[in-house]
Amino acid sequence: MPRWAAAAGRWGWRLPALLPEITFELPDNAKQRFYEDIAPGTACALEFQVITGGHYDVDCRLEDPDGKVLYKEMKTRYDNFTFTASKNGTYRFCFCNEFSTFTHKTMYFDFQVGEDPPLFPSENRVSALTQVESVSIHEALKSVTDYQTHVRLREAQGQSRAEDLNTRVAYWSVGEAFVLLVVSIGQVFLLKSFFSDKRTTTSRVGS
Amino acid sequence: MATAVEILALLFCFGFSLSAAFYFHVGEREEKCIIEDIPSDTWITGTFKVQKWDRDRHDFLESAPGLGMFVTITTYNDEVLLSKLYGAQGTFYFTSHSPGEHIICLESNSTQLVSFGGSKLRIHLDIRVGEHDLDAAIAQAKDKVNEVTFKLEHLIEQIEQILKEQDYQRDREENFRMTSEDTNRNVLWWAFAQISIFILVGIFQMKHLKDFFIAKKLV
Numbered sequence: 008m009p010r011w012a013a014a015a016g017r018w019g020w021r022l023p024a025l026l027p028e029i030t031f032e033l034p035d036n037a038k039q040r041f042y043e044d045i046a047p048g049t050a051c052a053l054e055f056q057v058i059t060g061g062h063y064d065v066d067c068r069l070e071d072p073d074g075k076v077l078y079k080e081m082k083t084r085y086d087n088f089t090f091t092a093s094k095n096g097t098y099r100f101c102f103c104n105e106f107s108t109f110t111h112k113t114m115y116f117d118f119q120v121g122e123d124p125p126l127f128p129s130e131n132r133v134s135a136l137t138q139v140e141s142v143s144i145h146e147a148l149k150s151v152t153d154y155q156t157h158v159r160l161r162e163a164q165g166q167s168r169a170e171d172l173n174t175r176v177a178y179w180s181v182g183e184a185f186v187l188l189v190v191s192i193g194q195v196f197l198l199k200s201f202f203s204d205k206r207t208t209t210s211r212v213g214s
Numbered sequence: 238m239a240t241a242v243e244i245l246a247l248l249f250c251f252g253f254s255l256s257a258a259f260y261f262h263v264g265e266r267e268e269k270c271i272i273e274d275i276p277s278d279t280w281i282t283g284t285f286k287v288q289k290w291d292r293d294r295h296d297f298l299e300s301a302p303g304l305g306m307f308v309t310i311t312t313y314n315d316e317v318l319l320s321k322l323y324g325a326q327g328t329f330y331f332t333s334h335s336p337g338e339h340i341i342c343l344e345s346n347s348t349q350l351v352s353f354g355g356s357k358l359r360i361h362l363d364i365r366v367g368e369h370d371l372d373a374a375i376a377q378a379k380d381k382v383n384e385v386t387f388k389l390e391h392l393i394e395q396i397e398q399i400l401k402e403q404d405y406q407r408d409r410e411e412n413f414r415m416t417s418e419d420t421n422r423n424v425l426w427w428a429f430a431q432i433s434i435f436i437l438v439g440i441f442q443m444k445h446l447k448d449f450f451i452a453k454k455l456v
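Each protein sequence line maps, in turn, to chains H and G.
The working numbering numbers the first residue of the first sequence as 8 and each following residue consecutively.
The working numbering numbers the first residue of the second sequence as 238 and each following residue consecutively.
Looking at chain H on its own, in the form it has when it is part of the complex (with noise of 0.2 Å):
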């Protein structure tokens, strides 16, 4: 059960911010769009990072109801977009990985919807520092998670390049080795076969 659905019964038509958050893959030249309802006067906050995958590059746009663009870039690897919402009516935000012919990408994102609302709604008189406490904690842990958030995918990323880069280190060395070997030996037998036909005529030339 969401959370919301039940903190609005006790206080009221409380929504607290919707965070949507994904890590999805993109396959090579597919769309993928999502959309999104909100009210008029929410603010919201877009971010996108590609994790893995070609050039970690994608397209991204951002409409509102009427399909009027607010946001559009095209092969960015992260970005970071808040605005407004002034209609109401469904969002629609798009992920294009139509250029790459081959190359399929991992790519997160999160859509902030709203504020949250304090953990402490204002009638309550519990304790003034206990409110201010809940609040900028809560605050400052939301804004810690976001952090790790962006240190795991920066490491996600390195590591699926560090990964890459044994693998073909790996099979090159195993590759180049095996080609010199057969490469060698074969010249000395080519070679070795030029000189058995002239057996007659060298002898004969050198009587």
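FYI, nobody ran anything at the bench for these hints, they're computed from the structure.
By construction, the Cβ of each residue, glycine as well, lies at the ideal position given by its N, Cα and C atoms.
Warning: the hint list may mix true and false statements.
[Claimed, not checked] Here are some chain G residues pointing at chain H (derived, C-beta under 8 Å):
1) I396
2) N423
3) V424
[What the hints assert, rightly or not] Derived BS3-like pairs: lysine-lysine, alpha-carbon spacing no greater than 27 Å straight-line:
4) K357/G / K75/H
5) K199/H / K454/G
6) K82/H / K38/H
7) K75/H / K149/H
8) K357/G / K38/H
9) K199/H / K269/G
10) K269/G / K38/H
11) K388/G / K401/G
12) K38/H / K75/H
13) K321/G / K269/G
14) K79/H / K269/G
15) K38/H / K79/H
16) K149/H / K401/G
17) K444/G / K454/G
18) K79/H / K94/H
19) K357/G / K321/G
20) K269/G / K388/G
21) K199/H / K388/G
22) K75/H / K94/H
23) K454/G / K149/H
24) K269/G / K82/H
25) K199/H / K401/G
Since chain H is already given, all that's left is putting chain G on it; use the hints.
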């Protein structure tokens, strides 16, 4: 002691559930997967709701009668943690045993073999990592002190999740270091190996050809 009004409000909220959530479209037999990179012992809750496209009305039906969703959760080494068929609306939970990438896949159990033009599904999805749903408890709280306790528990949970992620991050950096050292070692030893192959094969070539030419009386 919840009053009648509060109970009604709570029930109203259950009905309102996911209609304001974020959603996306998929084909009827398409499988959609989401990757979650999480530390071990992390609790994940996923809530989803599926709506079916009605070709006659050119709109999505309120629900998808007769349609269910297969939810499959696998770890990065293909170990299946959860594989279950839910109805058109449902919630799934799981706890990760090992740190790493967990892949959550949703696929409908539609029996249509061919996807007709325009036939698609709208999936509302909400995935929460590492948080228990404490607000149900908060809503039931008898007095303010209890409520404060629950909210502090929520903060403590958040902190614990951050600590888990930190430990996980440390493990991952260790992995990264090992991979880099492996690459370094590979480069070093294979360079040595190739140089020695060069030298040995060169000596072999010279000796062999010398013997060959001496035998052929060309030298």
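*Given pair status - K269/G, K199/H, alpha carbons within 27 Å*: Measuring from Cα to Cα gives roughly 62 Å; hence the hint is violated.
*Are K38/H and K79/H close enough, with their CA atoms no more than 27 Å apart?*
Roughly 14 Å separates the two Cα atoms, so the pair holds.
*Is the Cα-Cα distance between K269/G and K38/H 27 Å or less?*
Within the cut-off at roughly 13 Å; holds.
*Are the Cα positions of K199/H and K401/G separated by 27 Å at most?*
68 Å, violated
_Proposed interface contact between V424/G and chain H, which counts if any beta carbon pair is under 8 Å_ = This interface hint holds because 6 Å falls under the 8 Å limit.
*Straight-line Cα separation of K357/G and K321/G no greater than 27 Å?*
Holds, at about 22 Å.
*asked:* Would the hint linking K454/G and K149/H be met if the CA-CA limit is 27 Å?
replied: Not satisfied, since the Cα-Cα distance of roughly 86 Å exceeds 27 Å.
*For the pair we were handed, K321/G and K269/G, check the Cα-Cα distance against 27 Å.*
Roughly 15 Å between the alpha carbons, so the hint for K321/G and K269/G holds.
*Is the Cα-Cα distance between K199/H and K454/G 27 Å or less?*
13 Å, holds
*Evaluation of the interface hint that places N423/G against chain H, nearest CB under 8 Å*: 5 Å, holds
_Tell me if the straight-line CA distance from K388/G to K401/G falls inside 27 Å._
20 Å, holds
*K75/H paired with K149/H [C-alpha distance capped at 27 Å]*: 32 Å, violated
The structure is inconsistent with the numbered hints 7, 9, 20, 21, 23, 25, although it conforms to all the rest.
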